[in-house]
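Q: Listed below, chain by chain, are the residues.
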Amino acid sequence: MVAQEPESPAVLYIDLHLIHEVTSPQAFSGLRAAGRQVRRPDKTFATMDHSTPTLALDLNLVDQMAAAQVRQLGKNCAEFGVTLFDLESERRGIVHIIGAELGLTQPGMMIVCGDSHTSTHGAFGALAFGIGTSEVEHVLATQCLLQTKPKSFEVRVEGRMGLGITAKDIILGVMAKVGVDGGNGHVIEYTGPAIRALDMEQRMTVCNMTIEAGARAGMVAPDDTTFEYLAGREYAPRDQAWDAALENWRQAATDDGAAYDRTVTFDAGGLEPMITYGTNPSMGMPIGDRIPTLDHFSDVNQRQSIERALRYMDLKPGQRLLGHAIDVVFIGSCTNSRITDLRLAAGLLDGRKVAEGVRMLVVPGSQSVKRQAEAEGLHEIFRTAGAEWREAGCSMCLAMNGDELEAGQYGVSTSNRNYEGRQGKGGRSLLASPLTATASAIRGAITDPRTMI
Amino acid sequence: MEKFSRLTSHLVPLAQRDVDTDQIIPARFLKVIDKEGLGEHLFEDWRKLPDGSPNPEFVFNRPEVQGAQILLAGSNFGCGSSREHAPWALLDWGVRAVISTSYADIFRNNSIKNGLLPVIVDAEVHSELFGMVDRDPHAEVTIDLVSQTVSFGNGHAASFPMDPFAKHSLLEGVDQLGYLLSMEEKISAYEASHDGF
Ligand code: SF4
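Respectively, the protein sequence lines represent chains U and B. Position one of the first sequence corresponds to residue 1 (this note's numbering), numbered consecutively onward. Position one of the second sequence corresponds to residue 1 (this note's numbering), numbered consecutively onward.
Only chain U is shown next, with the shape it has when bound in the complex (with noise of 0.2 Å):
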């Protein structure tokens, strides 16, 4: 902290700045009025990905609005000197993905970027907050930013998943017990042994999902996992650095028996594959469940929202989603779009076919996780299932780049909003692991991935 002054929010020092295509240039084009410089562009990175082609990257591919929107950000990053993994760049990908996977996100860093799902990056004990253009433009002169003190929310993840369950399903089904604004306010920690069993990739996936609770960030203490997955990245510590920052980042680890503003302790061990039949995604249910009827929620503007995501969804009230026909899976983001991610899809897929009259579309997370996943031949599973293997970006997660769902097309997709229109207009999302979305895909039917594995 920089500074703390009475009736005054605290002045918090950025250890790591992450930028992209669509939240920055306003922020620059406030910089360069005023005449100012990037006050640390050796803290400042830049990615484009939200409205890239995923198709080939070639920005003919995408029109003509964002094509400039991407130029914009070469030509910004090039004048205020920050480095810019640009679309040639085989260190690209959705910024959330590549931030991690390069060793720029590292224990006890306070990261900030234009974007809610930062806090993905709190799967290493970082403090990551998504932020506005507005204060993009103020990291970017002072490298500080202004925050209210939060309250802290510890969610306690008991129990040990059962097979065919995944980090998607826990917080998923967090979610549905949180709601989606139980976070508000707050920071939450997740703690536990179902958390301690993770790995890094399936901690991010359920950090990144923390803001959908509307909690400013999500952490989880770091420990030896965490510490075996920086190792040797390209910008994590080495040599004598690397014993220096352990030790530190040994020390920062919060130790058992923090106080907490609010527990909330889950489950894991009893959970079922998890998917979202409404319009946020609290709006979810163990998959062989029925869709909650009215009278389960005593709220009446809860039961007004209830009754409006299902008529946007055209599903009713008590109706199974076990055997209702798709037409789209999803397999991408930055929840689910890593490695393991698409190993867990190809295993299953392996052998098998995409359903008639279904479109699967599999977009890594970086062009690091596509080369990957084309050396263990992961793309040939994909593309002999019949499935559409892309080049890296957010693609489907919010439709800015024309790979989008149809209005009235169901698409079960591994990515983290369902809102209305989130993955194109009129389309309807249904979130789920990407086991779950795979074995959708197979049968062209939502399906429980148990009884295929």
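Hints listed in this document are in silico derivations from the structure and should not be mistaken for laboratory results. Please note that a few of the clues may not be correct.
Between beta-carbon pairs, the in silico distance windows are [what the hints assert, rightly or not]:
id, chain 1, residue 1, chain 2, residue 2, range
1, B, Ala157, U, Thr83, 47 to 57 Å
2, B, Asp34, U, Met1, 27 to 37 Å
3, B, Glu124, U, Ala68, 46 to 56 Å
4, U, Ala68, B, Gly173, 30 to 40 Å
5, B, Ala157, U, Asp314, 17 to 27 Å
Treat the numbers as computed from the prediction; the structure is a model and nothing was measured. For glycine and all other residues, C-beta sits at the position ideal for the given N, C-alpha and C.
Since the structure of chain U is already known, use the hints to place chain B with the ligand on it.
A: Quick look at chain B with the ligand alone, frame taken from chain U:
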């Protein structure tokens, strides 16, 4: 940004809770590199029918709300994406203040930085306000930031919380960047003592 001190206006009532920023301004309109003109696409997918014509049912299209500067919104307004395009679009349409029981943190932050005042009232006042608009769509509400009160009807008044720092920047119309820039010495001192990152 424009100063905010006192505002009297009728309301745009939007009772739905958990309205996300993807609805306020869908992603396909985020390809801009400036802030202007986004009001045209405010709530685009709710304002327009599939054939592109205006949806007469949607509150923002009703004749009686035209010119209103206060949005009366359901709880947890502005959840989801951090896009500052959401407050930009609201302001560009003409909204200067929102009244709700709660907001998503990032939206609230973004709004204050642009002179869009997020007013928090309790559930009782919230439903009184909806009741009032229901009876009279032209009924006016006054928001006074100096005294932190919302007043309406025959002498109803409710106070609302606002942190002193945000209040100051809204009243003066000053960007919070100025405050950060004034910290230059402390920032340099911090950097000098935390080298090696
Ligand atoms: S993958 Fe989706 S949620 Fe993640 S950064 Fe991209 S658009 Fe946002």
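Q: Work down the list of hints and note, for each, if the structure agrees.
A: Consistency of the hints with the structure:
Between alanine 157(B) and threonine 83(U) the Cβ separation comes to about 54 Å, which falls inside the hinted range of 47 to 57 Å. Between aspartate 34(B) and methionine 1(U) the beta carbon distance is about 34 Å. The supplied range of 27 to 37 Å therefore holds. A hinted range of 46 to 56 Å holds for the C-beta pair glutamate 124(B) and alanine 68(U), which are about 49 Å apart. With their beta carbons about 31 Å apart, alanine 68(U) and glycine 173(B) fall inside the hinted range of 30 to 40 Å.
About 45 Å separates the C-beta atoms of alanine 157(B) and aspartate 314(U), a value inconsistent with the hinted range of 17 to 27 Å.
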